[in-house]
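Keeping their order, the protein sequence lines are chains A and B.
Take 1 as the starting number for the first sequence in the numbering used here and just add one per residue.
Take 1 as the starting number for the second sequence in the numbering used here and just add one per residue.
Treat the hints as calculated values from the structure; they're not laboratory data.
Careful, some of the hints might be misleading.
[To be verified] Stretch-level coverage of chain B by chain A, calculated; a stretch enters the list once three of its residues show a Cβ under 8 Å from a Cβ in chain A:
#	stretch
1	42-48
2	54-62
3	101-112
Where a beta carbon is used, it is the ideal one built from N, C-alpha and C, also for glycine.
One-letter residues, chain by chain:
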Amino acid sequence: GQNIDQPTEMTATEGAIVQINCTYQTSGFNGLFWYQQHAGEAPTFLSYNVLDGLEEKGRFSSFLSRSKGYSYLLLKELQMKDSASYLCAVRRPGGKLIFGQGTELSVKP
Amino acid sequence: KAGVTQTPRYLIKTRGQQVTLSCSPISGHRSVSWYQQTPGQGLQFLFEYFSETQRNKGNFPGRFSGRQFSNSRSEMNVSTLELGDSALYLCASGLSSGGTDTQYFGPGTRLTVL
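With the rest of the complex left out, here is chain A (with noise of 0.2 Å):
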């Protein structure tokens, strides 16, 4: 089977730092990705992982462990325009996403 769980919603603060943690039982792994999607508005790509790691992208980090099924997504310095959905997403062998329900970010003033 596959299953891909995150928080349904997180609250944080204007300038802090929040973790977005993702985890997954999948049938093949080739890659996780996040995606921002805004109210309304298409997903647009965050960052990709496929060796376990940090990978660093300005105030976006991603975090990969295989071995575990797990990953999370960092946010540091928050912004208002922050307030997003996230996704978490797994790519099978063959191409497939898998998709997790998304974690409802709202960041407060």
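With chain A held as given, fit chain B onto it using these hints.
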């Protein structure tokens, strides 16, 4: 470079009708995947096309079908529409099929079935 485009952006249909949605991938991309997004189910994979061939298929009924043309543009068709087909339909394009390249999403088509 232009992004992924989808037409139409909004569509209202009634039960029993059929609908065709269109997706033009980023120039040079040959893979097009389709997803259905609803509040209850989240993003669910419908199918993927690469070089005019369906490479992957999700768990949707046969009423959902698609095709890809030689210029990589793709269409998705839903026949005999049901109320539960109301959703945001997203397409995503990528360079290759089954690989590890990034998929980029279009703005989506919001389908409402009355």
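- Item | 8 Å C-beta criterion, at least three residues: is the stretch 54-62 of chain B covered by chain A | Holds, because 3 residues of the stretch 54-62 of chain B bring their Cβ atoms closer than 8 Å to Cβ atoms of chain A.
- Message: Can you tell me if the stretch 42-48 of chain B counts as covered by chain A, using C-beta to C-beta distances under 8 Å and a minimum of three residues?
- Response: Satisfied; 5 residues make the cut.
- Taking a Cβ-Cβ distance under 8 Å as contact, does the stretch 101-112 of chain B have three or more residues in contact with chain A? With 7 residues close enough to chain A, the hint holds.
Of the numbered hints stated above, none is contradicted by the structure.
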